[in-house]
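K.L.:
Let the sequences and hints guide you as you build the complete structure.
There are 2 protein chains.
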Amino acid sequence: MTKWVYTFGNGTAEGTAAMKNLLGGKGANLAEMSSLGLPVPPGFTLSTEVCNAYYDSGKSYPDDLKGQVDDAVAYVETVTNKKFGDPQDPLLVSVRSGARASMPGMMDTVLNLGLNDETVEGLAKATNNPRFAYDSYRRFIAMYSDVVLGLDHHDFESIIDDHKDKLDLYEDTELTADHWKVIVEEFKAFVVDNLDEPFPQDVKDQLWGAAGAVFSSWMNARAITYRALHDIPASWGTAVNIQAMVFGNLGEDSATGVAFTRNPSTGENSFYGEFLINAQGEDVVAGIRTPQNITEAARIEAGSDKPSLENAMPEAYAELQKIYLILEKHYKDMQDIEFTIERNKLWMLQTRNGKRTTKAALKIAVDMVAEDLITKQEAVMRIDPAALDQLLHPTLDPNAPRQIIGSGLPASPGAACGEIALTSEEAERISQAGRTAILVRVETSPEDINGMIAAAGILTARGGMTSHAAVVARGMGRPCVSGAGALKIDMVGQTINANGLSLKVGDIITIDGSTGEIIKGEVATIQPELSGDFAQIMEWADEARHMRIRTNADTPRDAKTAREFGAEGIGLCRTEHMFFDEERITVMREMIIAQNGDDRRKALAKLLPMQKSDFAALFEIMSGLPVTIRLLDPPLHEFLPHGENEMVEVAKAMDVNVSTLRERVIALTEANPMLGHRGCRLAISYPEIPAMQTRAIIEAAIEAAEKTGEKVIPEIMVPLVSSKAELDAVKAHINAAAKDVMEKAGILIDYTVGTMIELPRAALRAADIAQSADFFSFGTNDLTQTTFGISRDDSAGFLENYQKLGVLEHDPFQTIDVDGVGELVEIAVQRGKGVKPDIKLGICGEHGGDPKSVDFCHKTGLDYVSCSPFRVPIARLAAAQASIHQK
Amino acid sequence: MTKWVYTFGNGTAEGTAAMKNLLGGKGANLAEMSSLGLPVPPGFTLSTEVCNAYYDSGKSYPDDLKGQVDDAVAYVETVTNKKFGDPQDPLLVSVRSGARASMPGMMDTVLNLGLNDETVEGLAKATNNPRFAYDSYRRFIAMYSDVVLGLDHHDFESIIDDHKDKLDLYEDTELTADHWKVIVEEFKAFVVDNLDEPFPQDVKDQLWGAAGAVFSSWMNARAITYRALHDIPASWGTAVNIQAMVFGNLGEDSATGVAFTRNPSTGENSFYGEFLINAQGEDVVAGIRTPQNITEAARIEAGSDKPSLENAMPEAYAELQKIYLILEKHYKDMQDIEFTIERNKLWMLQTRNGKRTTKAALKIAVDMVAEDLITKQEAVMRIDPAALDQLLHPTLDPNAPRQIIGSGLPASPGAACGEIALTSEEAERISQAGRTAILVRVETSPEDINGMIAAAGILTARGGMTSHAAVVARGMGRPCVSGAGALKIDMVGQTINANGLSLKVGDIITIDGSTGEIIKGEVATIQPELSGDFAQIMEWADEARHMRIRTNADTPRDAKTAREFGAEGIGLCRTEHMFFDEERITVMREMIIAQNGDDRRKALAKLLPMQKSDFAALFEIMSGLPVTIRLLDPPLHEFLPHGENEMVEVAKAMDVNVSTLRERVIALTEANPMLGHRGCRLAISYPEIPAMQTRAIIEAAIEAAEKTGEKVIPEIMVPLVSSKAELDAVKAHINAAAKDVMEKAGILIDYTVGTMIELPRAALRAADIAQSADFFSFGTNDLTQTTFGISRDDSAGFLENYQKLGVLEHDPFQTIDVDGVGELVEIAVQRGKGVKPDIKLGICGEHGGDPKSVDFCHKTGLDYVSCSPFRVPIARLAAAQASIHQK
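Those protein sequences? They're chains A and B, same order as listed.
151 is the number of the first residue of the first sequence in our numbering; add one for each residue after it.
151 is the number of the first residue of the second sequence in our numbering; add one for each residue after it.
FYI, nobody ran anything at the bench for these hints, they're computed from the structure.
From a predicted model like this one, the values you see are computed outputs, not experimental measurements.
Errors might be hidden in some of the hints.
Pairs count within a copy or across copies, as identical chains cannot be separated in the list.
Said to hold, decoys possible - Pairs of lysine-lysine, DSS-like flavour, derived with a Cα cap of 30 angstroms:
id	residue 1	residue 2
1	889	209
2	889	954
3	209	894
P.N.:
Next comes the structure, spelled out in C-alpha cells:
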C-alpha cells in the first residue's frame, strides 16, 4: 500500500525536511518544525505523488487515498480536540499548495474550510465572536467559489460594495456580524443562481473539492508560465497541505506576520519582518494594509509611529525570537517565516530558506562562513550564479542631477529606466518593440507575471517589502519600488500623478530599487562596485574552479570590462563587428562589389590598417593572455544595403552605379543566410580575405608585443568548418600570410590555428579535423540551430508554445540541450582528444554564460568557457560550483 | 627499390590487365595484349605511382627513375632493333597518358618523339620517304611545342596556311618534302623567337619533357572538370606510356583505325569500326576526314563507295578479326580497339572495355549471358544504374509531324530539344537561365566539355561515330547527331544554314540521336518502351536485390508512372504540393490568415474533401502497397503572395483587406525558412491541420479499400521531428482524428504513424523517438542541409568551387555523405532498432535514386529506398548491385 498522506503537529511528524520532493517545501518544513518541538498547528500533507497519480489517471484519485485522509483528519481532531463539521466547536482547516520549489502566489489556497450554515454558529459561540464567525464564513464562500467552483471573486466583492453603498459605509471593518450574515445569504444565493446547485454544506465534500482545485491549479496558466521562467519541470507536481486554522483576526490580542531571519535586501544580520494586528495572513502579503515593524529598532529606523511587535506583544515576540534563532541554526541558512498569534499564542505556519537579493546572498554567505555556520565551498554553492547579473549592471550616478518626484520602499535593488506602462499588456508591447518599460500598478497580482517579466522595473503604489511585487521582483532581479503611497494612478486618463506632477503613459521615468526613489526622465548611471562580499565569494570561487573563463569581446571597451570582471583571455573576437563602423563599411562594400581578386585586394588593403589597430588594442589589453580571433563569418550581403532608397544613397557614397550595386545585392541574396555562403566558405571563395585578416593579426601582435613587452598569444579561428579539407584550405592561406609578415619583420609570433565546432558534421569528423586544428571552440549557438534545425531568429513563436506545452523543458538557445547538442559536443571532445590529447577545448556560444551549460562544459572536460563581459563573474562562479558539485 | 617502370612487347610483359591501378588502363591492357602474343609495338609504362611521387615532391621525379627509364629504352631498342636518337634509323616513340579510368582527350599526347635535325634525315633514308619524314618532324615540332613548351598550335597552323597561300595550294597533301623542310625551319625559328631557346635536339630531353607534360596535364582544367563529372579522385594519378611508333601514314599500304567488337550504339553483335588509309590515328578520332567502314557489310549498309578494310587489305582484316575474337573472349566484354597497319603489318595500339549506350549495354549483357560468357549476376553488375536514365525518358513520337531540315550520324541516342547555341559559353548561359540548349559546332574538342554538360543535345557538322562529340555524348547520355555535312555554321552572322533554311541563335531545334534527324522546332514525344533487354536485366536485378523500392509521388500521374516502373509503394507523398492548385490555394490562404482556431477549421473543412480525393486516387493506384503520406511540411508563408501587386490581387480574390493580408505576410516572413516554423512545428501550433489531414487520409483509405477490395496501407509521416515529445504531441492529434473517423464509419484501418529522420537531433535521439514511431524515413535532403549547415538553395556557387578545389569529392546533395550524414543515419538505425528491432526503415531524400547512396542504404540495413518515378528502375538495379556486391 502506498503511503499518500503524512501527518504533523503536536511535537512530532511523519515527514522531515529532507522529504521535500515528496511533501513539497511547505509540507516538509512544517513536519521538520513540528519534530523540532516548535508550535505548529497540526495537519497533514497529500504528497506530490498524489498529484502525479491524479494527472496520470485523468484527474482521479488513488483508491486508497480516502481512508488515509479520513485517518489524518481524525488525527488532527484528536490533537486540536475539535471535530471537523462539529456544529458546536468546529475544526476549520486551510488547504494550501506546496511544491518542491517555492512558487509564491501561483497556485490556489482555500482558508476557513469546514464552515457551513451550522458550524458557523458553533464558531460564533466558541469564539464568542459572531462577527468573526460570519466574516470568516463569507471569506470562505467567496474564496471557495472562486477557487473550486470557478466563479469570479469580483462578483462577490461587488455584492459587498453594494451593501456598503446602501449602508453608506466605506470600510469592511465597519460591517457588523448581522451585515455579514445578510451578505453570506446573498453569496449563497449567487452561487445557486449561477451553478444551479447550493453551496456545498458537507465539510468532507468541501475538503475534496478544495484539494482537487489545488492539484488542478498546478496546471493553470500562471503556474505554467512561472515554471517555464524558473525551469521547474511539470513532472515535479505539487503537494497539498491541510492544516488546522489558527486565527490572527480574533481581536487585538491576535496578529499575523512574516519575517526574515536576516535582512533579505541587504543581508544584514538583523531580524526583519512585518505584522498586522487582528488580521489574516493573506492581508500582510497582499499589501492592502501597510504593516507594522516587528522589532523596535526597525520601527525607529523606519520612523513609524505604529507599535512594533516587540512592544505590542512582548511575550509572543520573545518566543518568536527564540524560534528564529533555532531555525537559522538548524537550517544553516536565512529563513523566511510566517506566523500567527491567536489570542497571544504564537503559531508557526511556515519556514523556508528566504529569497534574497544577490547582494544579501553574498553578505549572508560570507557572514555565515565567519560565523562558522558553513564552509567556504558551501558559501560558493549558496549563490545563484545567474543572479549575480543584478550586481554587475550600472546603478544611478549619485552625482547625476535628478528630479525626484516621489519615493517608496526599496523593494528590489538596481536602477531601471523606461516608459510608463499601466498594464502588463502595455509593458509587453513596449518590450516587444525593443524599448524598455516601467510597469506602474496600484499593487501587482500573480496575473501580472508576464508584465513583470517584460518590464525593466516595477513601481507600485501599495504593498510592503514582502508584497507580491517585491517578492517576485527580487526573484527575477528586476528593480522594484513598492508602496509609493503618494502615487495616484488614473487608469481612465492613462496618467499617473506624483505629488502634483502628472505624467502620462509613455513618459520616461527612472526608479532606484536600492533607495526607493522615483525620478522623472533618465538618470546617468555608474559602474558597479565589485569589491567586498562579491570579491570574497569570487576569490573562494576561483580557488575551487578548474575551467578558465574567457570573454567574447570585439571592442577594447568590452575587453577592458571583461578583464576587470576577471576574464582570462578573449575566447571569441568577431571581426565582422569591426566593419560596421561608418567609415569602414564603405570600404567593406567596395571589397564586396569588386568584380575580381585585384579590386578585392585593393579594398582589403584599405581595411588592413583598420583591422590591425583594432587587434593591437585588444592584444594590449589582454597582454599575457590568449586572444582568439575569428575570421570573417557572416554572408557578405549582411554588409550591403537592402532597401531601394538606401541602395541609391550608398551607391552615391561609393561612387558606383546603383544598378551595379543592386545586381550585386540580388546576386548575394540568400534563401537561408544562416546556412549560406559564410564562414570558411567565404575564406575559400575569396582567399584575399583570410590573407588580409591574418596580416592584420600578425602585424598587430608584433606591434603589441613590442609595446607591452609581454607575450601576445593570437589564436586564429576558422568558422563554420565541416571537414578537415576546408580547414586545411583556409589554413594554407593563413600560414602563407603569417609567414610573409614574420619573415619581413624578422620576428616570430607563436600563433595557433583552430576551428569552431558549430556544425553537426564538424563534431562527427572531429578526429580528422583535430589533425589540423590546435584548438576547438564549440559554437553552440549555430550548433543548436543546425542540430535542431531551428533558426533562432524565427523560433520565438513556436518555442514559447513548446515550453508551454511541455514539449521542450528549456529554451535550447539559453541552456545547452545536453541530450542532443551535448552529445555532439561530447563526441567531438572524445574524437578530438583521441587524435590530439592536448587539443585546447572551449565554448564561445552564448551558453558560455549560462550556469547549467557551464556545468555541462566542466563535466565534458572543456578547458575554458567564453562569454559576454558581464557574464564573466557568473561563469567564474558557475565553473566553481561545477567543480565542487563534481566532487 | 621501387619499380617505377614496366616494359611490354615481343610476346611478353612485366604487367597484366589486373594492374590497372598501377599502370593505368592503356598500359595494363598493352601489357596484357603483349602477353597474349598479339602484335603490340614494344614500349614501357611509367606507373601512376610516378605521377603521385611527382606531385608529392613538387613536380620532381624519384631519384631511381632515370636508370629504370634508360633500361626500358634499351629494351625497346633491342626489340625494335633501332636506336633512340640514331642518325641512321632512329627509334621514334609516342608518349601518352593512361589513367585508371578512361578520360578520352582530356590529357596530352606527343607522337613521333625522337626526331631532330639529324634523325629526320635518317628516317627519310630508312623509309625511303623524305616527305613522310619531314611531315612527321613538322607534326612533332608543332605538337611538342604546344604540349610541352606551352606555345599555341594555332600559330604553327598559321605558318602552314601562309605557305599554302603563297604556293596557291589548298590541301596539306599537296605539300612536298621540300615544302615541309622549309616549314620545319620556320617552326624552329618561331620557337626560338618566342622562347629564346632552340627547339630541343637531344632526344632524351625530349622524352623527359614529354613525360613531364603528360603528368602535368593530369591537373589541367579540362581533366579536373572531367574527373568531377565522372567521380574520379585526383589521387588516382595517371600513368605515362612510351611506345615505339608505328606508322599508318607510310603510304597506300598503311592505315589506322578504331573499332568496337560489337555495335556500341545498338549492342548488336557485329564487328564495327572505321579506318583511314595513309593516316595517323589522331586523324580518325578528330573526324577531319570522313573515315571508311571496316567490314563490307557495314559499307553496304552505309551506302559508302569507299572500299572497306575487308576489301582493301584482306590479310590485315583477317588478322584483325581473329584478334578481336580473342580479345572479347579474354576480357569477356565488348572491346574498343585501336590499330595501325604499317606497310601491311597489323599492330594493336589499344584495347579497353568499350563505352556504349545504355541500350547497347543491356543488349550486350543479355547476349553475353546467352553466349555463356558471363552469369546473370555479372550481367546485372555490367549496367551502370545511373545510365538507365537515358532509356526512361520520352523519345520522339514517330507519328508527330516534323519539319526535317537535315540529318547526320545517330551518334548518341535519345531526343533533345532546345535553343541553338553556337558556343559552349552560350549553352551554359541558356542552361543556367533554366532553359535548354542544343550545342551546334563544326566539331567539338575537349575544350567544349562544359558546353556539352550544359547542353541538352549536341549537333556537329563534322566527325564520325567515334568522333570526340560522339564518344563524350554517349558517355554522358546526351543525345548527339554528328557529321551532319550539309550544315553550314556562320559564327559571325550567328546563324546556321541547313539545306538552304537559315536559323539563328536562340531558335528552337530538335535532334534525334537515335536516327540522326535534325528537326525545326519542338516535336511531340512518347514514353519509352520498357520491355526486351531492359525487362530482362530488371528481372535478374529483382531476383538479386533485398531492398524494396518505393517512389516519391504526389500525383496520380506520378504514382502510375512509378508503379509501371516497378515501384513497390509510395515512400513520400508531399501533401503541400496538392495545395498549389489554383482553386485550392485560395482556401489554403484563408486557412493561413485565419485569426483563430475556428476560422482555421472552417477553411480546413473546405480543403478536406480535396485532400481526401487526392489520397483516395493514390490509394487506388497503389492498392495492396504501402503509401506514406507526410503531413504539411513547408512554412505557411510559402503559400502567400509576396510582391505588392500580387498581394493586392490575392486580397481581392480572397475578399479580405490588403492590409490584413500584408500584415500576415510580414508576420510569417522568416530569416531562414528552412529552419523555420514548418514540419511538425506547424502541426503543434495548429492542431487543426494534422487533424484535417488525418481525417482525409483515413476517410480516403476507407473509400479506396471499399472500391478496390484490396488492403490499403496508409503510413502517416510526421516531418521535422527532433524529439519524442514532438512526435507524441502530433501523434495525439492524429490518433484522435483517426479514431473519430473510424468510429463513425465503423471500419478499422490499419494505419501506422512514423517520422522523418531529417535533423541531426532526431538521429541522435532515435532510441527515444523509436518508442513512438512505427517507422523512420530518412529525409537525407534536409539531413544533409543541417549536418553540413548548407542551404541547398544557396550552395551552388561555393559547392562547385569546392569540387574544383578538391575540398569536396562529391556534391553531398547528389551522393550521400557517408562520413557525416551517413554516420547519423547509422546511429539512428542502430538506436532505433535497439529499441524496436522490427521498426521499418527507409529513405525518401533524393539520394534514394542515386546508385552510390542506394549501396550505402543497403549496407546500413534499410528496408527500402524511395525515389522519383523515373529513378525507380535505377534504384532497383542499384539495390541489386548492392546485394551482389555485398556478397
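K.L.:
At most 30 angstroms between alpha carbons: which applies to residue 889 and residue 209, within, between, both or neither?
P.N.:
between (72 angstroms within a copy, 22 angstroms between copies)
K.L.:
With identical chains, the pair residue 209 and residue 894 could be close in the same copy or across copies; at 30 angstroms between alpha carbons, which is it: within, between, both, or neither?
P.N.:
Intra 79 angstroms, inter 27 angstroms, cutoff 30 angstroms: inter-copy only.
K.L.:
With identical chains treated as interchangeable, where does the CA-CA distance between residue 889 and residue 954 reach 30 angstroms or less: within a copy, between copies, both, or neither?
P.N.:
between (55 angstroms within a copy, 26 angstroms between copies)
Consistency note: the structure conflicts with none of the earlier hints.
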